Amino acid sequence: MTVDPFHRRSKDTWTLTAAAFERLLTLLHPERDKAAVEYERLRDRITGLLGWWGSPRAAELADETLDRVARKLDEGAEVRTGSLGAYVRGVARMVFYESSRQQQTDPLPPDLDLSVPVTDEEQSPALVCFDQCLAKLSAADRKNLLRYYDDAGERTMDARRKLADELGISTNVLRVRMHRLRDRLEQCVAGCRADG
Amino acid sequence: MLQSPELRIDDEATLREYLMGRLGGEAAESLESELLEDEDLFEKMRIIETELYDDFAAGRLSSTDEQAFLSRSRGQAARSRFVFATTLHGRAAATRIATFRPRAARLVLAAAAIAVVAIGLAFVSLRKTPVTVPPQTARTTEPATAAIPSPARAIALTITLGSSRSGAEKNILSIPDGTTNVELGVRLHAEDVYDTYEVDVRNVKGESIWQQSGLRAAAAADTRTIVAVVPADRMGAGTYEIAVSGTTGTAPAEDLGFQSLEVRREQ
Numbered sequence: 010m011t012v013d014p015f016h017r018r019s020k021d022t023w024t025l026t027a028a029a030f031e032r033l034l035t036l037l038h039p040e041r042d043k044a045a046v047e048y049e050r051l052r053d054r055i056t057g058l059l060g061w062w063g064s065p066r067a068a069e070l071a072d073e074t075l076d077r078v079a080r081k082l083d084e085g086a087e088v089r090t091g092s093l094g095a096y097v098r099g100v101a102r103m104v105f106y107e108s109s110r111q112q113q114t115d116p117l118p119p120d121l122d123l124s125v126p127v128t129d130e131e132q133s134p135a136l137v138c139f140d141q142c143l144a145k146l147s148a149a150d151r152k153n154l155l156r157y158y159d160d161a162g163e164r165t166m167d168a169r170r171k172l173a174d175e176l177g178i179s180t181n182v183l184r185v186r187m188h189r190l191r192d193r194l195e196q197c198v199a200g201c202r203a204d205g
Numbered sequence: 564m565l566q567s568p569e570l571r572i573d574d575e576a577t578l579r580e581y582l583m584g585r586l587g588g589e590a591a592e593s594l595e596s597e598l599l600e601d602e603d604l605f606e607k608m609r610i611i612e613t614e615l616y617d618d619f620a621a622g623r624l625s626s627t628d629e630q631a632f633l634s635r636s637r638g639q640a641a642r643s644r645f646v647f648a649t650t651l652h653g654r655a656a657a658t659r660i661a662t663f664r665p666r667a668a669r670l671v672l673a674a675a676a677i678a679v680v681a682i683g684l685a686f687v688s689l690r691k692t693p694v695t696v697p698p699q700t701a702r703t704t705e706p707a708t709a710a711i712p713s714p715a716r717a718i719a720l721t722i723t724l725g726s727s728r729s730g731a732e733k734n735i736l737s738i739p740d741g742t743t744n745v746e747l748g749v750r751l752h753a754e755d756v757y758d759t760y761e762v763d764v765r766n767v768k769g770e771s772i773w774q775q776s777g778l779r780a781a782a783a784a785d786t787r788t789i790v791a792v793v794p795a796d797r798m799g800a801g802t803y804e805i806a807v808s809g810t811t812g813t814a815p816a817e818d819l820g821f822q823s824l825e826v827r828r829e830q
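Respectively, the protein sequence lines represent chains A and B. As numbered in this note's numbering, residues 10 to 205 make up the first sequence, in order. As numbered in this note's numbering, residues 564 to 830 make up the second sequence, in order.
The reader is advised that the hints may include incorrect statements.
Subject to a maximum C-alpha distance of 27 Å in a straight line, what follows is the list of computed DSS-like cross-link-like pairs (lysine-lysine) [unchecked claim]:
{"hint": "1", "chain 1": "B", "residue 1": "K607", "chain 2": "A", "residue 2": "K81"}
{"hint": "2", "chain 1": "A", "residue 1": "K145", "chain 2": "B", "residue 2": "K768"}
{"hint": "3", "chain 1": "A", "residue 1": "K43", "chain 2": "A", "residue 2": "K81"}
{"hint": "4", "chain 1": "B", "residue 1": "K768", "chain 2": "A", "residue 2": "K43"}
{"hint": "5", "chain 1": "A", "residue 1": "K152", "chain 2": "B", "residue 2": "K607"}
{"hint": "6", "chain 1": "B", "residue 1": "K607", "chain 2": "A", "residue 2": "K145"}
Covered stretches of chain A (in silico footprint by chain B; criterion: 3 or more residues with CB under 8 Å from a CB of chain B, positions within the stretch not fixed) [stated by the list, open to error]:
{"hint": "7", "region": "51-62"}
{"hint": "8", "region": "178-188"}
Hints are computed from structural coordinates only; laboratory data are not their basis. On a predicted model such as this, the values are computed, not experimentally measured, just so you know. Backbone N, C-alpha and C define an ideal beta-carbon position, used for all residues, glycine too.
Based on the provided sequences and hints, a complete structural model is requested.
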């Protein structure tokens, strides 16, 4: 059985209390409902940052980061206005370093290497989930998404401009809108594949 | 490393450099702190990251950028994003080829329920070949008919043309070893009346692996069906998409729809 000293230590020495959590929420927003939304958004951003640092356990470490921030606030730490990002980053970096020391350094198995092309065996189950998730989008969203991501070489930008014109929006708004749609689809596919 | 004090952290080139691991020191720290505070900046970074996956999947990165990207994008999550980007672009490219007609949008949900109709009456009548195929799976090694030169061994399957590739049910074709041809029947929509038809078989990447044009529809039992004969050796195990277009006179070909097909090879 593998023991993770990092987790054992944090679990053994301190657990998130309601008071500490409340202090964190208050820091994020004075209104409770909005604070909860801000908490989730901050968690997503920390997860993203940890992912960019190369953590394979980004979501888990984001939770640990937020727990530690809450703990520090509970212990009297002060976060100046406009410096929350820097403060949270510092804590996240520490959590990441500690985690990295525990991480195994085994080489990645070949199928996780992005330089290996996607095989039919790998793509077939992904396609089934992709089609199921695509079917859940509205007909208009589905059509626009597939048009937007149709790479036609140098014609891509022209095609996207045309699509934006048809929808009566700027190409930048279209870009954001399509990204959000794609993000939903990608999350759906990930969930579908995880369910097997 | 980019560490200019005049660096604009919301500049897209800067964000891209960060994702490539080429933004260092205080510039990276400053950007990371800002990312944790600014939801819009974070979303912008996400978009650029996604576009990097797209560029990588499409082979649009320079070798230097590709190496930088590969060194930063490892593990299961990165692999899953790569597979997703490949799938999305493959589907989108295939859609361009088989563009929906206006009526197709109304049929999207119905298309999800479209399943293989195993050698229906029309096709049996058309082919004059007695075959029995279980639902969703077609398999026969009946002797070739006039359309298939003897001693070819053919396997037959009839699918109903859909208007969306989003059908949750998948058509499955098991091809026994030694099969030379796949007789692919495509049941058309009643209103799809054209002089001739073309069938295009594409792999998961949207690449055409086989085409047959000049096909004429046969009408029977209130349905219209075309039959294409695909060399079995062109269809290895994997997922394919069957796209059909129709032409009348000198008018441009009109895309009629498509259907997905999973091919399994039996030894």
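Holds or violated: are the alpha carbons of K145 (chain A) and K768 (chain B) at most 27 Å from each other? holds, 22 Å
Please work out if K607 (chain B) and K81 (chain A) have their alpha carbons no farther apart than 27 Å. Violated, because 30 Å separates the two Cα atoms, which is more than 27 Å.
Has the given pair, K768 (chain B) with K43 (chain A), been kept, meaning a C-alpha gap of at most 27 Å? violated, 44 Å
Checking one constraint from the list: CA of K607 (chain B) to CA of K145 (chain A), max 27 Å. Satisfied? Roughly 26 Å between the alpha carbons, so the hint for K607 (chain B) and K145 (chain A) holds.
Taking a Cβ-to-Cβ distance below 8 Å as contact, does the region 178-188 of chain A have at least three residues touching chain B? holds (count 3)
Holds or violated: K43 (chain A) and K81 (chain A), Cα atoms, limit 27 Å. holds, 22 Å
Verify the proposed pairing of K152 (chain A) with K607 (chain B), using a straight-line Cα cut of 27 Å. holds, 24 Å
For the region 51-62 of chain A, do three or more residues have a beta carbon lying closer than 8 Å to a beta carbon of chain B? holds (count 8)
Violated hints, in rising order: 1, 4; the structure is consistent with all others.
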